[in-house]
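Novice: Sequence:
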Amino acid sequence: MEKTISKKTAVIIGGSSGIGYETCLRLVNRGWNVVNVSRTPCKSAKVTNILADAADGAALAAAIKKAAGKTGISLLIYSAGFSMAAPIEFAKEEDYKYLFEVNFFGALRAIQNTIPHMKEKGGRIILIGSLGGALPIVFDSFYSASKAALEMLCRAAYSELKPYNIKVTGVLPGGTATGFTFKRKIYNESETGRYAGSMNKAVAALANMEQSGMSPAAVAEIICNLTTLDKPPVIKICGAKNTAYRLFSRIMPEKVTLNINDRMYNQ
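If you're matching positions, the sequence shown starts at 1 in the numbering used here and goes up one per residue.
Hints are not guaranteed to be accurate.
Unchecked claim - With a cut-off of at most 20 Å between alpha-carbon atoms, the simulated SDA-like pairs for lysine to any residue come out as follows:
| hint | residue 1 | residue 2 |
| --- | --- | --- |
| 1 | 241 | 264 |
| 2 | 183 | 41 |
| 3 | 8 | 29 |
| 4 | 231 | 156 |
| 5 | 231 | 161 |
| 6 | 201 | 258 |
| 7 | 201 | 180 |
| 8 | 97 | 149 |
| 9 | 162 | 115 |
| 10 | 201 | 186 |
| 11 | 46 | 66 |
| 12 | 66 | 116 |
| 13 | 231 | 151 |
| 14 | 70 | 119 |
| 15 | 241 | 210 |
| 16 | 236 | 145 |
| 17 | 183 | 210 |
| 18 | 231 | 221 |
Read the hints as simulated data drawn from the structure, not as lab findings.
Start from the sequences and build out the full structure, keeping to the hints where you can.
Specialist: Printed below as a string of structure tokens:
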């Protein structure tokens, strides 16, 4: 059953582009007061912007407190993300630590700082994960690891926050055609050594999967529809094909799924 939404505040971390941006637009049209928290502003004049880096814990906490204002927060969506293509052997500590700061610890801090604004009246938290958290994205292993951790955090938060009527859902898109593909940090051949050929094939395959995948608008529509459900799912996979892929990865022997996964990345 759908509910009428009016003048409630939605905070989107990472709403300046891609899935987050499309979600901002749709929530505004559905009557939400939308606040975007990101390093760059959302271009919609109807969205309030608070500039902050999701990897900066103090800045993120201050932004969420400001967004809550006097009305509180009814909806938190964490859509910030960072990706890097690098061999595990040569990945730099500063890079993978930053990746986890954005993809996982930023989400954790966002949840921690939002809970006090939801405990009294309840609310919804939606975390944007990835199917890459179910099976590894070859040479983007840290992204996959961070999304796997985010999904487990979502499941734990669902149980812990249920008594306070805070509903938590993890949304798992597959490949999505956004500019995220072109913002990925890619190590060059001098940094990858003998992995260069294999990594370049994997990066090209990943880019193709993303750019031929779902539109960010379609994913955003799924996210927005979740906000109207009395009993939203703990995990929502976007699209029938991706749902089948996820199921397949869970029921087939590990080596079979990994071998198929390797072929997807031309390994």
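Novice: Could you work out which of the previously given hints the structure breaks and list their numbers from low to high?
Specialist: none
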